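> Given the coordinates of chain D, work out where chain W should sit on it, guided by the hints.
The residues making up each chain are set out below.
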Amino acid sequence: MSRIEQRLTALGEQRRKGLIPYITAGDPNTGETLRIMHSLVASGADLIELGVPFSDPMADGPVIQRACERALANGCTSRDVLEVVRRFRETDTETPVVLMGYLNPVEAMGYEAFAENAAQAGVDGVLMVDLPPEEAGEVVPWFRAQGLDLIFLISPTTSDERIRRMGEHSSGYVYYVSLKGVTGSASIDAGAVEERVAHIRELTELPVGVGFGIRDAETAGAIGRVSDAIIVGSVIVDCIGRHPEGGDSLHQALKSLVKPLRDSLDTP
Amino acid sequence: MKLTEQQIKDSPDARGHFGAYGGRFVSETLIDSLEHLESEYRRLREDPDFLARFNSDLADYVGRPTPLYHADRLSSELGGASIWLKREDLCHTGAHKVNNTIGQALLAKFLGKPRVIAETGAGQHGVATATVAARLGLKCKIYMGAEDVRRQAVNVYRMKLLGAEVEAVEGGTRTLKDAMNEALRDWVTNVDDTFYIIGTVAGPHPYPMMVRDFQSVIGRETRQQCLEKNGALPDALVACVGGGSNAIGLFHPFLGDESVAMYGVEAGGYGIESGQHAAPLSAGRPGVLHGNRTYLMEDEYGQISGTHSVSAGLDYPGVGPEHSWLKDIGRVNYVSVTDDEAMDGFRRLTAVEGIMPALETAHAIAWAIKLAPQMRPDQSIVINLSGRGDKDMDTVARMDNIEVEGR
Numbered sequence: 001m002s003r004i005e006q007r008l009t010a011l012g013e014q015r016r017k018g019l020i021p022y023i024t025a026g027d028p029n030t031g032e033t034l035r036i037m038h039s040l041v042a043s044g045a046d047l048i049e050l051g052v053p054f055s056d057p058m059a060d061g062p063v064i065q066r067a068c069e070r071a072l073a074n075g076c077t078s079r080d081v082l083e084v085v086r087r088f089r090e091t092d093t094e095t096p097v098v099l100m101g102y103l104n105p106v107e108a109m110g111y112e113a114f115a116e117n118a119a120q121a122g123v124d125g126v127l128m129v130d131l132p133p134e135e136a137g138e139v140v141p142w143f144r145a146q147g148l149d150l151i152f153l154i155s156p157t158t159s160d161e162r163i164r165r166m167g168e169h170s171s172g173y174v175y176y177v178s179l180k181g182v183t184g185s186a187s188i189d190a191g192a193v194e195e196r197v198a199h200i201r202e203l204t205e206l207p208v209g210v211g212f213g214i215r216d217a218e219t220a221g222a223i224g225r226v227s228d229a230i231i232v233g234s235v236i237v238d239c240i241g242r243h244p245e246g247g248d249s250l251h252q253a254l255k256s257l258v259k260p261l262r263d264s265l266d267t268p
Numbered sequence: 001m002k003l004t005e006q007q008i009k010d011s012p013d014a015r016g017h018f019g020a021y022g023g024r025f026v027s028e029t030l031i032d033s034l035e036h037l038e039s040e041y042r043r044l045r046e047d048p049d050f051l052a053r054f055n056s057d058l059a060d061y062v063g064r065p066t067p068l069y070h071a072d073r074l075s076s077e078l079g080g081a082s083i084w085l086k087r088e089d090l091c092h093t094g095a096h097k098v099n100n101t102i103g104q105a106l107l108a109k110f111l112g113k114p115r116v117i118a119e120t121g122a123g124q125h126g127v128a129t130a131t132v133a134a135r136l137g138l139k140c141k142i143y144m145g146a147e148d149v150r151r152q153a154v155n156v157y158r159m160k161l162l163g164a165e166v167e168a169v170e171g172g173t174r175t176l177k178d179a180m181n182e183a184l185r186d187w188v189t190n191v192d193d194t195f196y197i198i199g200t201v202a203g204p205h206p207y208p209m210m211v212r213d214f215q216s217v218i219g220r221e222t223r224q225q226c227l228e229k230n231g232a233l234p235d236a237l238v239a240c241v242g243g244g245s246n247a248i249g250l251f252h253p254f255l256g257d258e259s260v261a262m263y264g265v266e267a268g269g270y271g272i273e274s275g276q277h278a279a280p281l282s283a284g285r286p287g288v289l290h291g292n293r294t295y296l297m298e299d300e301y302g303q304i305s306g307t308h309s310v311s312a313g314l315d316y317p318g319v320g321p322e323h324s325w326l327k328d329i330g331r332v333n334y335v336s337v338t339d340d341e342a343m344d345g346f347r348r349l350t351a352v353e354g355i356m357p358a359l360e361t362a363h364a365i366a367w368a369i370k371l372a373p374q375m376r377p378d379q380s381i382v383i384n385l386s387g388r389g390d391k392d393m394d395t396v397a398r399m400d401n402i403e404v405e406g407r
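As given, the protein sequences belong to chains D and W, one line each in that order.
Numbering-wise, UniProt numbering puts 241 at position 241 of the first sequence, and it's gapless, one number per residue.
Numbering-wise, UniProt numbering puts 382 at position 382 of the second sequence, and it's gapless, one number per residue.
Same shape as in the complex, but just chain D:
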């Protein structure tokens, strides 16, 4: 059983909902990214999505775009991202880490080398925003061979047939993109999400995480009630962007952002 599966199964048994924060690696720098990961776990994160910066993040809104630009300006490469995970694993062997990003940096390293290096560093899963299952045939075997979960996005417009097909390629969880738009878009409709998630559950047995557009505790609670986990990215990345100095003030700010999300998920 993969670390992701273990964690999500355990949560399910405890009837708790998963909190999955997203941060962009290398923003403001890789040392700070490592500290942020630990402090997210301390504030109640169950799994961390770690963004691999890319020069052309076309599925992301302005907040994560700017984070990518800052990380790249600091010289953060995919090797550096893997090094952050390796160091994270020195003290945390339980919290799953999923790399999220775009295909090209993975291709540049080579599928085989990337899968091997990621697994060695302690990565548990990979989500590539611009890799739909139709194009994933070449990638899947390399990731499987290393025991990495491959996670796909499901959108409000994904057909039933494709959701089933994703089920064949993917493991860990599926990521339901709750609205049409880029990351950090306006607000989501919990009622519509509930209906859609219920439908997705009929087509796949994987846990369903919901993201895009969750920016406060109230929404987190509402979406948590109808899914297995929530993914929160832009508000956290925005908070990091407002504290370029890092250090205590950043960690204090993150704590007061993430704690209420945890609390609202834990409130029945």
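These are calculated hints, taken from the structure and not from any lab test.
What you are looking at is a predicted structure, and each value in this text was computed from that prediction instead of being measured.
Even glycine gets a Cβ: it sits at the ideal position worked out from N, Cα and C.
Treat the hints with care, as some may be off.
With a cut-off of at most 25 Å between alpha-carbon atoms, the simulated DSS-like pairs for lysine-lysine come out as follows [unchecked claim]:
| id | chain 1 | residue 1 | chain 2 | residue 2 |
| --- | --- | --- | --- | --- |
| 1 | W | LYS229 | W | LYS160 |
| 2 | W | LYS109 | D | LYS180 |
| 3 | D | LYS180 | W | LYS160 |
| 4 | W | LYS139 | D | LYS180 |
| 5 | W | LYS160 | W | LYS109 |
Stretches of chain W that chain D covers, calculated by requiring three or more beta carbons in the stretch to come under 8 Å of a beta carbon on chain D [to be verified]:
| id | stretch |
| --- | --- |
| 6 | 31–38 |
| 7 | 106–114 |
| 8 | 179–186 |
Coordinates of chain W only, in the frame set by chain D:
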């Protein structure tokens, strides 16, 4: 290498692949729309009403067929093959871009989408999109890199006059690739009521195929005109390649003709060895960007590199996937010329033929100037004169240290 009819017909395959290139690498929210667009396009391209409307628009609105002009003086000066110019600069709005926007805007209309968006580099595709949007009464928004907005001020003003909203994109390198990122973000957000009119033979399937089909009118006309005027096919075709739509448009109907050599001319900028250029086929490697696998300019970590070209329309780190395939199988020769060579080509054609080409097109001229003297006088070259140079007056004047009056 000789391409069989079957190979040409099978490119792209059912999933949009040209050999190892092309495909559909986009975020999940766009997949459904792309599938729908593909099936509707495959239906409409056989639909007599759609085709009749497209062809009559090309004739009466764009002004097709465009002439095939014999550049007599330039040919004799160079003393080799005779040079012919396919005059796409005479299309309505001043470049070949409108062939494609006519087609895609008609699709938008047939699909009932009230709003169109587009990315633009030099502004020619933006102008061509704004033009057809005005004519069909569609809402129109154009994304343009902030750097290009500065370089192509006249075209920005033209788009605004045509009723389009122009957004200067400040992200990334502030050029064409960033405009495309932003247009994709708009599309993913407004996918229900918006049609994305991509300006070149790149992007996710079915765009490379669809844009090629619309632009192939250039090559079909050229073929017929060559046979009429010379009684023979041309020996060589030359076109500039940024994304590569004018080049594919000229090349495609000739792919099966082994005797026709083809040259795609990339922007060499300050020279390939300087690293400051926009020539992914000459100096890049395969990767994935903007929905397709193709040759890209990128660093060793897969981050897309900044590009440089004197011409905004070629200033793009990728290229259409069909070109990547044609390069690998050796059917088309991809070469490059520098900014300086392109400027010389611009001045030469202006001075000798009284035709002022766009700076993009000037790259093709510059290559033909090198090529013609190596060929025999009984041979012929067709250059795709893809656009006119009016939009570049500011850039050229600035190079001459001249302030154009009233600006």
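> So, for every hint listed, does it hold in this structure?
Evaluated hints:
1. Between LYS229(W) and LYS160(W) the alpha-carbon distance is near 41 Å, which puts this suggested pair outside the 25 Å criterion.
2. Restraint check for LYS109(W) and LYS180(D): the C-alpha separation of about 22 Å stays at or below 25 Å, so the hint holds.
3. Restraint check: the Cα-Cα separation between LYS180(D) and LYS160(W) comes to about 28 Å, which exceeds 25 Å; the hinted pair is violated.
4. In summary, the hint linking LYS139(W) to LYS180(D) is supported, as the alpha carbons are separated by about 20 Å, within the 25 Å threshold.
5. About 21 Å separates the Cα atoms of LYS160(W) and LYS109(W), which keeps this hinted pair within 25 Å; it holds.
6. Closer than 8 Å: that is the beta-carbon criterion, and the stretch 31–38 of chain W has 3 residues meeting it against chain D, so the requirement of 3 holds.
7. With 0 residues bearing a CB less than 8 Å from a CB of chain D, the stretch 106–114 of chain W misses the requirement of three and the coverage assertion fails.
8. Look at the stretch 179–186 of chain W against chain D: 4 of its residues bring a Cβ nearer than 8 Å to a Cβ of that chain, three or more, so the hint holds.
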